[in-house]
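Position in the sequence shown (first residue = 1) + 1335 = this note's numbering.
Misleading hints may appear alongside valid ones.
The list that follows gives simulated cross-link-like pairs (lysine to aspartate or glutamate, EDC-like), each with its CA atoms no further than 16 Å apart [unchecked claim]: (1) 1361 <-> 1385; (2) 1338 <-> 1400; (3) 1404 <-> 1385; (4) 1404 <-> 1367.
Here are the in silico distance ranges between beta carbons for each label pair [as the list claims (entries may be wrong)]: (5) 1353 <-> 1385: 19 to 27 Å; (6) 1354 <-> 1375: 27 to 35 Å; (7) 1359 <-> 1387: 29 to 37 Å; (8) 1343 <-> 1395: 14 to 22 Å; (9) 1339 <-> 1359: 13 to 21 Å; (10) 1355 <-> 1378: 31 to 39 Å; (11) 1373 <-> 1338: 22 to 30 Å; (12) 1379 <-> 1353: 30 to 38 Å; (13) 1388 <-> 1359: 28 to 36 Å; (14) 1374 <-> 1399: 17 to 25 Å; (15) 1352 <-> 1397: 24 to 32 Å.
What the hints contain is simulated information worked out from the structure, not anything from laboratory work.
The structure presented is a predicted model; accordingly, all values stated were derived computationally and were not measured.
Virtual Cβ for every residue (Gly too), placed ideally from N, Cα, C.
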Amino acid sequence: EDKRSLFEGFTHDASAIPTAFFPQWKPRFARDRARIHAHTWWQHHFRGTDGARVVKDVKGRIEQEGPLKSS
């Protein structure tokens, strides 16, 4: 998506959602944060040394380059 006008949301499936709706999703993200971070998948992939480095690197790229797409 070259215009970067979508974000990915997960309900019962993955979905591409227009960024105009992002503000309406923020309460859900805040509500789900603790449950997601406590999940074993998250712990395995993002709480280890490598996961922390990946998150730091991605945040650094976003700060340097602005919004990014996954591909």
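Hints versus structure:
{"no.": "1", "hint": "1361 <-> 1385", "verdict": "violated, 27 Å"}
{"no.": "2", "hint": "1338 <-> 1400", "verdict": "holds, 15 Å"}
{"no.": "3", "hint": "1404 <-> 1385", "verdict": "violated, 21 Å"}
{"no.": "4", "hint": "1404 <-> 1367", "verdict": "violated, 23 Å"}
{"no.": "5", "hint": "1353 <-> 1385: 19 to 27 Å", "verdict": "violated, 33 Å"}
{"no.": "6", "hint": "1354 <-> 1375: 27 to 35 Å", "verdict": "holds, 31 Å"}
{"no.": "7", "hint": "1359 <-> 1387: 29 to 37 Å", "verdict": "holds, 30 Å"}
{"no.": "8", "hint": "1343 <-> 1395: 14 to 22 Å", "verdict": "holds, 21 Å"}
{"no.": "9", "hint": "1339 <-> 1359: 13 to 21 Å", "verdict": "holds, 19 Å"}
{"no.": "10", "hint": "1355 <-> 1378: 31 to 39 Å", "verdict": "holds, 33 Å"}
{"no.": "11", "hint": "1373 <-> 1338: 22 to 30 Å", "verdict": "violated, 35 Å"}
{"no.": "12", "hint": "1379 <-> 1353: 30 to 38 Å", "verdict": "holds, 32 Å"}
{"no.": "13", "hint": "1388 <-> 1359: 28 to 36 Å", "verdict": "holds, 32 Å"}
{"no.": "14", "hint": "1374 <-> 1399: 17 to 25 Å", "verdict": "violated, 30 Å"}
{"no.": "15", "hint": "1352 <-> 1397: 24 to 32 Å", "verdict": "violated, 19 Å"}
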